[in-house]
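The sequence shown begins at 79 in our numbering and counts up by one.
Don't read these hints as lab results, they were simulated from the structure. Where hints are given, some of them may not hold.
As the list claims (entries may be wrong) - Simulated crosslink set (SDA-like; lysine to any residue; CA at most 20 Å straight-line): (1) K114 to E304; (2) K596 to E689; (3) K114 to T139; (4) K661 to D720.
As the list claims (entries may be wrong) - Cβ-Cβ distance ranges computed for the label pairs, FRET-style: (5) E519 to H601: 51 to 59 Å; (6) E443 to L372: 34 to 42 Å; (7) K528 to G276: 44 to 52 Å; (8) D490 to E297: 39 to 47 Å.
Every value quoted in this text rests on a predicted model; they were computed, and no experiment measured them. Note that CB positions come from ideal geometry on N, CA and C, so glycine has one too.
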Amino acid sequence: MSAKGTRETARGTGPGTAEARRGENGAALAASDPAKIRNVALVGHSGAGKSMLVESLLAATGAITRMGSISEGTTVSDSDPSAIHQQRSVTLSVAPILVGDVKVNLIDTPGYTDFTGELRAGLRAADAALFVVSAIDGIDGATVALWGECEKIRMPRAVVVSKLDHPRADFSAAVVRCQEAFGESVLPLYVPAVGNAGLIGVLHGAADEDQTPASDVEEARGPLIEGIIAESEDETLMDRYLEGEELPLADLIQDLETAVARASFFPVMPTSAETGLGLAELMALLTDALPSPLERINPAVMKLDGSSLKPLEGEPTGRLAAEVVRTTVDPFLGRVCLVRVFSGTLRVDSSIHIGGRGLADRGHEDHDADERITHLYSPVGSSLKAVPQCIAGDICAISKLASAETGDTVSDREAPLLIETWNMPEPLMPVAIEGASRSDEDALAKSIGKVAAADPTLRLERNQDTHQLILWCMGEAHAEVVLDRLRSQGVKLQTVDVITPLRETFASKAAGHGRHVKQSGGHGQFAICDIEVEPLARGGGFEFTDRIVGGAIPGTFVTSVEKGVRSQMLKGVSAGFPVVDIKVTLVGGKTHSVDSSDAAFQAAGALALREAAATAKIQLLEPVSSVVISVPDEYVGAVMSDLSGRRGRVTGTTAADGEGTEISAEVPDQELLRYAIELRALTAGTGRFSRSYLRHEPLPK
79 MSAKGTRETA RGTGPGTAEA RRGENGAALA ASDPAKIRNV ALVGHSGAGK
129 SMLVESLLAA TGAITRMGSI SEGTTVSDSD PSAIHQQRSV TLSVAPILVG
179 DVKVNLIDTP GYTDFTGELR AGLRAADAAL FVVSAIDGID GATVALWGEC
229 EKIRMPRAVV VSKLDHPRAD FSAAVVRCQE AFGESVLPLY VPAVGNAGLI
279 GVLHGAADED QTPASDVEEA RGPLIEGIIA ESEDETLMDR YLEGEELPLA
329 DLIQDLETAV ARASFFPVMP TSAETGLGLA ELMALLTDAL PSPLERINPA
379 VMKLDGSSLK PLEGEPTGRL AAEVVRTTVD PFLGRVCLVR VFSGTLRVDS
429 SIHIGGRGLA DRGHEDHDAD ERITHLYSPV GSSLKAVPQC IAGDICAISK
479 LASAETGDTV SDREAPLLIE TWNMPEPLMP VAIEGASRSD EDALAKSIGK
529 VAAADPTLRL ERNQDTHQLI LWCMGEAHAE VVLDRLRSQG VKLQTVDVIT
579 PLRETFASKA AGHGRHVKQS GGHGQFAICD IEVEPLARGG GFEFTDRIVG
629 GAIPGTFVTS VEKGVRSQML KGVSAGFPVV DIKVTLVGGK THSVDSSDAA
679 FQAAGALALR EAAATAKIQL LEPVSSVVIS VPDEYVGAVM SDLSGRRGRV
729 TGTTAADGEG TEISAEVPDQ ELLRYAIELR ALTAGTGRFS RSYLRHEPLP
779 K
């Protein structure tokens with residue numbers, strides 16, 4: 079989203095831009111009644127046709143004068159430079175249309191797995207999901223898994239079969255694939271006429287036999303009616319139907335719409351964005367069958383101290399509760415937040431409270447701030463249309479918020495609250511970056527916070543052992559987007575190899591002699607100590623004992639020797655990695671009545687440990703993580719074989735919740751650097767894993 083000052087948009091108005099194609103209906107759409115709002119997220123795999131379906135709906139309702147092109151980067155949904163470069167959606171975007179007197183917020187979400195965070199944010203802002211399935215391609219495992227996620231939260235869904243204008247398109251085969259992937263409650267409401275000359279309503283039947291084979295309609299009509307009756311509250315309908323009674327069409331349609339809104343029935347709609355096939359019927363489904371915000375249960379809310387509050391009612395006059403679902407940084411407007419309002423009304427010049435919790439592990443510290451809304455907009459893709467207010471159930475954009483981040487709660491300053499955050503995926507692919515120069519390092523430090531504030535799926539880490547700045551990303555495509563955004567802010571940076579934080583330990587006993595004697599006139603330095611070093615068991619940490627006899631070294635300087643040894647352990651004795659799991663015993667030494675000091679004995683202790691390391695066998699230790707991998711059953715063998723090649727040790731397998739298997743294993747961190755990508759390729763996008771540090775183990779030769 080971008081705008082210049084308080085103008086409507088900062089995008090160009092040349093003949094190829096979306097703004098140049100804006101029609102009379104492109105003015106800001108401000109809803110006044112939650113019952114007249116529909117928030118619909120378009121989901122599906124990358125390339126299924128979501129963005130072009132949004133484009134065609136915008137054109138059909140007059141919001142734009144003509145459709146844009148993905149290859150030319152002129153679609154309303156994909157204005158992000160990274161989206162234009164990759165030619166696929168990388169962020170969610172909102173494009174409202176007006177269908178009759180109903181405002182429909184079309185939420186276009188990315189289909190590529192790397193941008194699952196944007197997808198889940200889009201689902202949080204939506205009240206229903208539209209699964210877009212290509213008529214010429216299959217349904218990938220990630221889409222099937224997403225259907226399961228929607229099922230758990232009982233989100234109403236419909237299926238759109240797209241690209242029916244393609245020569246290889248087969249609607250009947252696409253419906254079969256949908257039923258195999260999503261279940262038997264997925265049934266077509268319409269079938270294409272011969273030559274895609276229009277759609278024939280399955281409930282209505284074919285008005286002209288030349289339009290479509292009657293057998294096709296009748297074949298689909300029986301299961302559709304039975305599916306509607308099965309979800310109806312009228313228990314007499316099934317008996318009447320089986321007795322051959324012709325059921326009233328109005329009753330069937332009413333029961334169908336109720337079942338769709340309750341997420342127990344899922345209609346299939348044939349469409350073509352290129353020819354406009356099925357768009358009118360799809361818009362009728364969006365407004366008549368999909369639920370309004372008033373029909374959905376709002377997320378749980380709590381006080382700032384964590385105590386619970388009664389559920390939100392979702393009325394414009396209720397307590398203000400909204401959530402930031404996306405954040406961008408605009409060069410003219412600063413931080414711009416896309417906000418879903420769940421309760422109350424946001425108004426220009428009103429005072430609000432910004433609160434964020436639960437993302438400290440990703441570099442987003444808990445925060446609270448009071449701010450004032452100076453500008454409120456209705457977003458149309460990347461352009462912003464000024465509006466005076468945004469009511470419960472609607473989606474808007476707020477500019478010039480200094481502290482808001484994605485996932486934050488927006489509430490009334492006098493009655494602040496927090497909304498329970500949605501489940502965000504864990505980034506598991508590390509990318510190490512550094513500035514090209516010292517000045518670029520400073521610029522990187524300033525810019526990285528802005529990028530992280532907009533992306534809760536990005537985790538920042540400054541590794542204390544390797545001193546590298548690590549970006550934990552969802553995958554290569556996500557990393558490319560993050561790096562592009564940093565470079566667009568003028569930061570010159572480069573990626574470097576991720577260094578695995580090893581450890582060092584003594585594999586054998588050794589003795590060390592530390593002599594630090596300097597005399598250059600005036601006060602000198604004198605410290606001599608002798609130590610013995612022996613290894614401890616893994617996880618033994620560090621032990622220091624004193625076996626000095628006869629007071630050869632006073633107790634004050636014994637502590638100094640220990641400080642010196644600990645300091646050298648942090649620096650390493652062989653490869654520059656910290657030393658762990660050793661026992662050091664101070665057995666002797668000498669002091670000088672004038673020249674001995676704390677600093678001198680610290681230096682002597684460090685020298686003694688280095689000398690001991692020179693004569694001992696030093697063992698490098700690598701970090702090992704406990705990994706839990708969830709995969710469908712058909713990929714278990716391939717995953718376990720792959721783990722073996724990664725020096726992994728499988729510790730057990732259990733049945734996962736629902737379908738699939740959970741594999742528990744111990745895997746060296748070095749073998750997990752690109753595992754997020756490789757597991758996805760190995761399991762056709764269906765596998766996922768979590769990891770946690772377990773211990774350090776000897777590194778094989």
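Okay, the hints, checked on the actual structure:
1. K114 to E304: violated, 30 Å
2. K596 to E689: OK: K596 and E689 at ~19 Å, within 20 Å.
3. K114 to T139: holds, 16 Å
4. K661 to D720: violated, 39 Å
5. E519 to H601: 51 to 59 Å: violated, 40 Å
6. E443 to L372: 34 to 42 Å: At roughly 36 Å between Cβ atoms, L372 and E443 fall inside 34 to 42 Å, so the hint holds.
7. K528 to G276: 44 to 52 Å: The hint (44 to 52 Å, Cβ to Cβ) holds, given that K528 and G276 are roughly 50 Å apart.
8. D490 to E297: 39 to 47 Å: Since D490 and E297 have Cβ atoms about 56 Å apart, the given range 39 to 47 Å is violated.
Hint compliance for this structure: hints 1, 4, 5, 8 are broken, all remaining hints hold.
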